[in-house]
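S.K.: For reference, the chains in residue letters:
Protein chains: 2
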Amino acid sequence: MIEIYDTTLRDGTQAENFNLSLEDKVRVALKLDEFGIDYIEGGWPGSNPKDEAFFKEIKNYTLKHAIITAFGSTHQAKYSEPGEDPILRALVEAETTHVTIFGKTWDIHVRDALRISLERNLELIGGSVRWLKEQGRTVFYDAEHFFDGFKANPEYALKTIKTAWEAGASCIVLCDTNGGTLPEEITQIIQRVIKEVDHIRLGIHCHNDSELAVANSLAAVRFGVVHVQGTINGFGERCGNANLCSIIPGLVLKMKYECNAGKKLSMLTSVSRFVSEIANLSPNKYQPYVGESAFAHKGGVHVSAVQRNPETYEHIRPELVGNVQRILISDLAGKSNVLAKAKQFGLDIESRDPVVMEIVAKLKELEAQGFQFEGAEASFELLMRKAMGQIKKFFDLLAFRVIDQKCREEDPPQAEATVMVRVGGRTEHTAACGQGPVNALDNAIRKALETFYPELKEMSLVDYKVRVLPGRPGTGAKVRVLIESRDKEEKWGTVGVSHDIIEASWQALVDSITYKLMKKC
Amino acid sequence: MIEIYDTTLRDGTQAENFNLSLEDKVRVALKLDEFGIDYIEGGWPGSNPKDEAFFKEIKNYTLKHAIITAFGSTHQAKYSEPGEDPILRALVEAETTHVTIFGKTWDIHVRDALRISLERNLELIGGSVRWLKEQGRTVFYDAEHFFDGFKANPEYALKTIKTAWEAGASCIVLCDTNGGTLPEEITQIIQRVIKEVDHIRLGIHCHNDSELAVANSLAAVRFGVVHVQGTINGFGERCGNANLCSIIPGLVLKMKYECNAGKKLSMLTSVSRFVSEIANLSPNKYQPYVGESAFAHKGGVHVSAVQRNPETYEHIRPELVGNVQRILISDLAGKSNVLAKAKQFGLDIESRDPVVMEIVAKLKELEAQGFQFEGAEASFELLMRKAMGQIKKFFDLLAFRVIDQKCREEDPPQAEATVMVRVGGRTEHTAACGQGPVNALDNAIRKALETFYPELKEMSLVDYKVRVLPGRPGTGAKVRVLIESRDKEEKWGTVGVSHDIIEASWQALVDSITYKLMKKC
Numbered sequence: 061m062i063e064i065y066d067t068t069l070r071d072g073t074q075a076e077n078f079n080l081s082l083e084d085k086v087r088v089a090l091k092l093d094e095f096g097i098d099y100i101e102g103g104w105p106g107s108n109p110k111d112e113a114f115f116k117e118i119k120n121y122t123l124k125h126a127i128i129t130a131f132g133s134t135h136q137a138k139y140s141e142p143g144e145d146p147i148l149r150a151l152v153e154a155e156t157t158h159v160t161i162f163g164k165t166w167d168i169h170v171r172d173a174l175r176i177s178l179e180r181n182l183e184l185i186g187g188s189v190r191w192l193k194e195q196g197r198t199v200f201y202d203a204e205h206f207f208d209g210f211k212a213n214p215e216y217a218l219k220t221i222k223t224a225w226e227a228g229a230s231c232i233v234l235c236d237t238n239g240g241t242l243p244e245e246i247t248q249i250i251q252r253v254i255k256e257v258d259h260i261r262l263g264i265h266c267h268n269d270s271e272l273a274v275a276n277s278l279a280a281v282r283f284g285v286v287h288v289q290g291t292i293n294g295f296g297e298r299c300g301n302a303n304l305c306s307i308i309p310g311l312v313l314k315m316k317y318e319c320n321a322g323k324k325l326s327m328l329t330s331v332s333r334f335v336s337e338i339a340n341l342s343p344n345k346y347q348p349y350v351g352e353s354a355f356a357h358k359g360g361v362h363v364s365a366v367q368r369n370p371e372t373y374e375h376i377r378p379e380l381v382g383n384v385q386r387i388l389i390s391d392l393a394g395k396s397n398v399l400a401k402a403k404q405f406g407l408d409i410e411s412r413d414p415v416v417m418e419i420v421a422k423l424k425e426l427e428a429q430g431f432q433f434e435g436a437e438a439s440f441e442l443l444m445r446k447a448m449g450q451i452k453k454f455f456d457l458l459a460f461r462v463i464d465q466k467c468r469e470e471d472p473p474q475a476e477a478t479v480m481v482r483v484g485g486r487t488e489h490t491a492a493c494g495q496g497p498v499n500a501l502d503n504a505i506r507k508a509l510e511t512f513y514p515e516l517k518e519m520s521l522v523d524y525k526v527r528v529l530p531g532r533p534g535t536g537a538k539v540r541v542l543i544e545s546r547d548k549e550e551k552w553g554t555v556g557v558s559h560d561i562i563e564a565s566w567q568a569l570v571d572s573i574t575y576k577l578m579k580k581c
Numbered sequence: 061m062i063e064i065y066d067t068t069l070r071d072g073t074q075a076e077n078f079n080l081s082l083e084d085k086v087r088v089a090l091k092l093d094e095f096g097i098d099y100i101e102g103g104w105p106g107s108n109p110k111d112e113a114f115f116k117e118i119k120n121y122t123l124k125h126a127i128i129t130a131f132g133s134t135h136q137a138k139y140s141e142p143g144e145d146p147i148l149r150a151l152v153e154a155e156t157t158h159v160t161i162f163g164k165t166w167d168i169h170v171r172d173a174l175r176i177s178l179e180r181n182l183e184l185i186g187g188s189v190r191w192l193k194e195q196g197r198t199v200f201y202d203a204e205h206f207f208d209g210f211k212a213n214p215e216y217a218l219k220t221i222k223t224a225w226e227a228g229a230s231c232i233v234l235c236d237t238n239g240g241t242l243p244e245e246i247t248q249i250i251q252r253v254i255k256e257v258d259h260i261r262l263g264i265h266c267h268n269d270s271e272l273a274v275a276n277s278l279a280a281v282r283f284g285v286v287h288v289q290g291t292i293n294g295f296g297e298r299c300g301n302a303n304l305c306s307i308i309p310g311l312v313l314k315m316k317y318e319c320n321a322g323k324k325l326s327m328l329t330s331v332s333r334f335v336s337e338i339a340n341l342s343p344n345k346y347q348p349y350v351g352e353s354a355f356a357h358k359g360g361v362h363v364s365a366v367q368r369n370p371e372t373y374e375h376i377r378p379e380l381v382g383n384v385q386r387i388l389i390s391d392l393a394g395k396s397n398v399l400a401k402a403k404q405f406g407l408d409i410e411s412r413d414p415v416v417m418e419i420v421a422k423l424k425e426l427e428a429q430g431f432q433f434e435g436a437e438a439s440f441e442l443l444m445r446k447a448m449g450q451i452k453k454f455f456d457l458l459a460f461r462v463i464d465q466k467c468r469e470e471d472p473p474q475a476e477a478t479v480m481v482r483v484g485g486r487t488e489h490t491a492a493c494g495q496g497p498v499n500a501l502d503n504a505i506r507k508a509l510e511t512f513y514p515e516l517k518e519m520s521l522v523d524y525k526v527r528v529l530p531g532r533p534g535t536g537a538k539v540r541v542l543i544e545s546r547d548k549e550e551k552w553g554t555v556g557v558s559h560d561i562i563e564a565s566w567q568a569l570v571d572s573i574t575y576k577l578m579k580k581c
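So the sequences go chain by chain: A and B. Per my numbering, the very first residue in the first sequence carries number 61; after that it's consecutive. Per my numbering, the very first residue in the second sequence carries number 61; after that it's consecutive.
Calculated directly from the structure, the hints in this document are not laboratory data. Relax, there's no trap hidden among the hints.
Note that identical chains are pooled: a pair holds if it fits in a single copy or bridges any two copies.
In silico lysine-lysine, BS3-like type, Cα no more than 25 Å apart, as pairs:
| id | residue 1 | residue 2 |
| --- | --- | --- |
| 1 | K424 | K395 |
| 2 | K424 | K116 |
| 3 | K91 | K119 |
| 4 | K538 | K345 |
Construct the entire structure; sequences and hints are all you get.
M.R.: Okay, here's the thing in C-alpha cells:
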C-alpha cells in the first residue's frame, strides 16, 4: 500500500497565480479527504496567519480518512534548544498529530545559507525531530535538496537522513527540490540509500523543472519508496510539484500498486477540476488522464478507428478516471466527425445527404472568422439544425443600444441597455440596467423575451468568457465570447465573435436563448 | 549526435485548439530551421489541401539546415502495387527528399482495423518502403503502436520493423502512439529490439498521455536511440506529443549528448513562445525550462536564498535556455519581495521605511479585489511610486460615456465614446468612434490627451486581455483587463478590475498612459 501525501495547500500555493483563501483551503482539504488522500499538508503555521487559521478551522470538521499535517523546518541555529524556537513551537501549537519538517542535506547550503558547521546541522535535525517526538508528534522528515546534496557529498547526505531516522522520524522523504534530477539518478541514489540505512521508510518529493517529476516519482516507488508527495494538477513553485493526478493512476492502473485514493479513481477528473476552479485557474485541457482533451479525437482516421474500438487510440478507458471520450469539431473535421456529432445530438442524417458537406463548409467559414465550437456545442447543434431546416426563428432582434457612462471621477459607472425585439407580429421595446454593459444587455433581452417565453426564467448564465483573438492588435482586436448557461436539466455552451464585445455577447446570448426554447419544442 | 525531428506542423496540429494557417506553418518552419532542428515534418500531403499547399510554398524558401519531410502511411491494401495508391503518389508529389510513412505493428489492429492478414501487412510495409526508395526518397518508418504491439505479440512486432529495415528504411521510429507505456517498458523493449535486429538505426516517438513522454524519450536515447521525434511545447493529439522544449535541454544540459538545436539553446524560450503566439494559445506559464514561472520565486525563504545564490532553487541557469529569473509579487509577498521589486524599478527605499508596509497592505487589498500584478508590472511600479509620493497626476478624467448600438439586424454595430479630461486648468471634451466600445474609448482618450502630450503618439497597444473572475456568475461577473503597451524603447503591462469591462479597460488605459508620461519626467 503506497501512502499519498498531498501538499497542494502548502507547496502548491507557491505556484504563480495559485492563491487560496482560508475558505478555499478548507474546501480543498475536504475534497481530498473524500477522495482518499492519506495525508494533507495544511500549511506552514509559523509563516503566515492564513495557515495558522487553517489549522484552527479544520478542527471543526470530522475527516473520513485523511490526516492533516503541519509543515515547518528544523529549528534555527540561534536557539540552543529546539523548544525555544518559536517556529517549532508554532508547529506544535497547530495541534496536528503529524508534522513534517525539512532540513538541509547539501553541504554547501549548510555552510553558505545557514552559515553553520556540518556538525551543527546534524544537531538541528536530530534535536528537532527528537523534540517533536517528545511533544507526541509523528514526524516526517523532508530531506531538502537530497539528490543534489547526495551528488555533491554522498557521505554527508546519508548522515543527515540517518540522524533524522535515528531520532525517530517515521518516514524520510527524499526531495528533488530543484527538479533537476534524472530518473536514472533517482533510482541509483535510492538503491544506495536503501543499502546504507537499515529498515528505512522512504518517501519521495519531486519538482517538475525537467518535466520528469511523474517519472521520477514512479521510478522511486519501483525501487522501494512507500510514500509519495505531490499536488493536485502538479501546482507548485516554478514548474510545479509532482502531479498526483498522473501519479495515482500510473501507480494503480499501470504499475498495479494499491493506494487509498486508487479505490476512488473515478473521482480523479472531478478532484482535478475542482481544485483548478477553486483557484480560479482554467483547467489544463491537455492534462494527462483528467484534461478535457485527454480522450478527445480530432483527426479523421483516429475518429473512425476509436469509434470502432477505443483501445486503438486510448491508453486507458476514460471512465476509470472519471473522464469522457470526445469527438472534436475542427479544421480537420471531415464528414465522419460531423456525422459522429449528429449522432450525439440525436439528428438523423444520411452520410450522403448533401447537407453534410454544407455543414462542413459553413464550419470552415466560421472557424476562419474566429468561431470555435469546441466549448460551444449548443451553437454547433443550432448550426446543424438550421442547415437541416429543423429550427424556427423564435424572435428577431430589431435593434439594441448600450450606454455606459461615468459622470464624475468618484462615481461608479452606470450601464443601461435598450432592446427592440419582435416575436410573431408583436414588438417589444424595453430597457434595463446592469453591472457593466454586457450584463445590462443580457437583462434587457431577458426582460423583453420573458413576456413571450416565461420558461426563460428557468435558465441562468453560469459562465462568461472572453478571449481576445490575434490579428489587429490592441483594443480593436476581435473577441470571442463563450457563454455557458444552465437550467434544471443541463448545461450548454454558445459562442459569438465580433470586433465589438457587445455584439459578440449578443450572438452568444441569442444562441443560448434559442437553444433553451428549441429544447421545449 | 542525436537527430531532432519536429512534427509540430503535422502531429502537433492534431491538438485541440491548435490550428495553423498555411502562412503560420511556413513561419513556424522557418523558425525551426533557424533554431537548428534537423527534420521538419510539414504535413500529410494526401490528407488535406493546406498540407499540399505547404510543400509547394516552402520550396520558395532556402532553409539553412533543416530537411522538410512529408508524412503518410503504407499503401492501402486494395491496391496491389504501391505506385497505384494515390496517397503514396501524393507523398512523392510533395517533392521532398525525405518521407516518413507509418505502418501497423499491433496484430489486432492489422486484423480489425485494416482487415487484412498479418502477412499482407508485411507486404504493404516492405512494398511501400521499397517503392519510395525507388522514387529516390530517403524513408523513415514510423512503427505505429510499436510498444503496445510488442507487448501483445513481440515476434510479429519485430517482423514489421525488420521488413521496413530490410526494404531500405533509414531509420525505424518506435512509436508509443497511445502514450500509455512506462519508461521501464520502453527501455526493456528497446534492448530486445537492438538484440534482435542488426545495426538498426532507431528513433522514438512518444505521446504524453501518462505524463511520461519526456522521460520515455530520454530513456530511449540512453538505451541507443539516435533520432527523437516530438513537437514544440508538446502540442499534439489528446495530451500532446513528447515536448522538444524539455527533451532538447535534457539531452544537452543534463545527459551531455549533442544535437544541432543544442548549439542554439538560448533560442529555446523564444521558439516556444513564438509557436504558442502563432497558434494563438497562451504560453503555459508553468512549462519546464521555457515557462514564465520556470525561474520565478515567490516564497520569502526562496526569494532571499535565490538572490544570494541562484543554484539554491534553480536547476540550471535560466540564460542557458533564454529564460529569465523573476521575483513575484503575491499574496505571500513580504517586505523582501517588495524591496526586491523596488530595486528592480530603481527605487530607493530603506527596508525600515514605513512606506514598505503600506505598499504590502495596499497590494493585499487590491489582490482581494481581483487585481493581479504578475502581468502588470507598470501598474505595480505606479502603485509604489504613488505610495512614495513620487508621481504627479498628469490628467483627471471628469467623465466618459460609451454608446454601442445596432439599429437594424443586418447592420454592424456602431460604437462611440465621449470623454472629458482636465489637464492643468484646461478641460478637453471630445468624442471618437471605434471598433467596439473599448476601442472607441481608447480612441477618445488618446484624442483628448494628445493635444497636451504629443509623445503619446509614440505609444501603441500591443495586447488586450480579458479574464472573467469568479464570484457572481454570468455576465455580471467582475472582469480583469490586462493591457500591454509599447513605444520605441520598451513594453509595459497594466491592469484594471471592475464589474464593468469599460471601466476596467479605462483603469488599465489610464495606468498605461501615466506610465508613458512618467518615463519622460
